[in-house]
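S.K.: Residues in the sequence shown are numbered from 11 upward in steps of one, following the working numbering.
It is possible that some hints are incorrect.
[What the hints assert, rightly or not] Here are the simulated lysine-lysine pairs, DSS-like style, with alpha carbons at most 30 angstroms apart:
#	residue 1	residue 2
1	Lys-424	Lys-361
2	Lys-222	Lys-252
3	Lys-357	Lys-330
4	Lys-454	Lys-424
5	Lys-447	Lys-424
6	Lys-421	Lys-447
7	Lys-424	Lys-329
8	Lys-238	Lys-221
9	Lys-224	Lys-238
10	Lys-361	Lys-330
11	Lys-357	Lys-421
12	Lys-454	Lys-361
13	Lys-238	Lys-252
14	Lys-329	Lys-44
15	Lys-421	Lys-454
16	Lys-120	Lys-94
17	Lys-329	Lys-120
18	Lys-361	Lys-447
By construction, these hints were calculated from the structure, which means they are not laboratory data.
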Amino acid sequence: MEEYDLIVIGGGCAGMAAALRGTEMGRRVCLVQKEFPGDPRHEYFLRMGLLGNLPVVAPGGDPGSAMRSWVQDLEASRRATAEKQTRRLEQLGVSVKSGEGSLIGSRSVKIRTEGGEETAGATGIVLAMGSDPVPPTNLPFDPPLILPFDDLFTPESVPPTLLVLGGGRLALEVATLFNRLGSRVFLCVETPRLLNEDEPVLTDLLEEGMKKSKIKLLLNKRLVSHYKNEGNIDITLDGGVKFSVERIVWTGPRQPRFSKAGAQSVGLRVGERGEIWVNENLQTSLPGVYAAGSLLGRSSFRGISPEEGRAAAENALGKKRGFDPDWVPQTIFTAPQIAFIGCTAEKAHHKGFRAVMGEFTRESPESSVPGRSPSWFKVVADRETRCVIGGQVVSPRASEMISLLSLAVRKGMKVNSLATLPCEVGSESDGIREAAKACLGRLKSPSAGS
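Could you put the whole structure together from the sequences, leaning on the hints where they help?
M.R.: Here it is in structure tokens:
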């Protein structure tokens, strides 16, 4: 039996990050991957589309042909990226095995490849096998009319009308992308607001931006029935709302790729949907075995899974690093973009802070353009230490600007340092500086609360 310091099962975002972190620490690492390493196909296509890589239709050209070329080009790009990542791993000394890995104990893994089976051992193991879509009970998948997000990107034409169900980051981004591709998009969520109600201004700006983009928001609604009718789907929501679409996309809860039976056979504790239970260090109920990514049944924000993978690898190799997803910057690529990190003013007390916040709104001359809203910035600080403990940004470049707030939070920057940050007047950085100034002003006022 071949021995390693670290075995990682799963080559997605979390697994790749775990394997790379293991090599950075100078350890002998084995990565067992069933598919291409890196982003899953559907996430890769979504990310590239939201970053501006969209089908180009020539004047008088065929939109369907443009869509097919786009899918083919992105598939080729993804394969090339995956091959490059594999070569990089091998150059760093990672033993990459193409096959399926399964846990058979706290220190050993069974690996099934085309050449047969083998057993490998390790001091630490990271599980990062990912998850699969699960249809709701009243909406079985029926391609190509009713699809999970995973099967959305096919070399077909863009549907003229699309209903997005499920909620969360994926629903918002899928709605945004297909709106840009030219579909008439209906976005149905079961909650009263698109996001949680802790940040009403942020949610107001998001909803305003999506309405300006002509995305039809159906809030606090549930699917009652659907009926296939000559290539269309007749939809009925509660409250008597009725309309027809050509395609439905489900972005709801997922099923971790780890069976309850398999978990029980090795002594792993799992939840009702098969999600693996871990402690604050990402350790499972088996000593030496850690887990990361969507296998945990958590939210699907892009930045969280890689950070979980790195933390899990470090802990599997002997470090003691706690993991709290609140301290990872998170972005939603809508119009406008939304990004946040750390504590909200309303929930900071749960982490032992006395929050004081400052905010700043900048009206943009582009606000009248479809999909453009005012930029909004918020900085949250702790009254006792005056350190920045969180922040939120709504702007066309929020995904870039959140790095500044992330640095402030991670380094324990005092809010007065952020308030005196040298930057160009009128820039996005200046918006964060102005929010920090507002926060500092409230800190200096003994009577001011959060």
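S.K.: Against the 30 angstroms threshold, does the CA-CA distance of Lys-238 and Lys-221 hold or violate the hint?
M.R.: With a Cα-Cα distance of about 28 angstroms, the restraint between Lys-238 and Lys-221 holds, given a limit of 30 angstroms.
S.K.: What's the verdict on Lys-357 and Lys-421, does the C-alpha distance respect the 30 angstroms limit or exceed it?
M.R.: Holds - the C-alpha atoms of Lys-421 and Lys-357 are around 21 angstroms apart, at most 30 angstroms.
S.K.: If you draw a straight line from the CA of Lys-421 to the CA of Lys-447, is it 30 angstroms or shorter?
M.R.: Given that 30 angstroms is the threshold and the Cα spacing comes to 19 angstroms, the pair holds.
S.K.: Has the given pair, Lys-454 with Lys-424, been kept, meaning a C-alpha gap of at most 30 angstroms?
M.R.: It holds: about 13 angstroms lies between the C-alpha atoms, which stays within 30 angstroms.
S.K.: Hint check: Lys-421 vs Lys-454, CA-CA at most 30 angstroms. Holds or violated?
M.R.: OK: Lys-421 and Lys-454 at ~22 angstroms, within 30 angstroms.
S.K.: With the threshold set at 30 angstroms, check whether the alpha-carbon distance from Lys-454 to Lys-361 stays at or below it.
M.R.: Given pair Lys-454, Lys-361 holds - Cα atoms ~22 angstroms apart, limit 30 angstroms.
S.K.: With the threshold set at 30 angstroms, check whether the alpha-carbon distance from Lys-447 to Lys-424 stays at or below it.
M.R.: Roughly 12 angstroms separates the two Cα atoms, so the pair holds.
S.K.: Under the criterion that the straight-line Cα-Cα distance not exceed 30 angstroms, is the pair Lys-424, Lys-329 satisfied?
M.R.: At roughly 29 angstroms apart (the allowed maximum being 30 angstroms), Lys-329 and Lys-424 satisfy the hint.
S.K.: Can you confirm whether the C-alpha distance between Lys-329 and Lys-44 stays at or below 30 angstroms?
M.R.: With Cα atoms ~28 angstroms apart, Lys-329 and Lys-44 stay inside 30 angstroms; holds.
S.K.: Hey, Lys-361 versus Lys-447, does the alpha-carbon distance stay inside 30 angstroms?
M.R.: 24 angstroms, holds
S.K.: Taking only the CA atoms, is the gap from Lys-357 to Lys-330 under or equal to 30 angstroms?
M.R.: At roughly 26 angstroms apart (the allowed maximum being 30 angstroms), Lys-330 and Lys-357 satisfy the hint.
S.K.: For the pair we were handed, Lys-329 and Lys-120, check the Cα-Cα distance against 30 angstroms.
M.R.: 26 angstroms, holds
Of the numbered hints given earlier, the model fails none.
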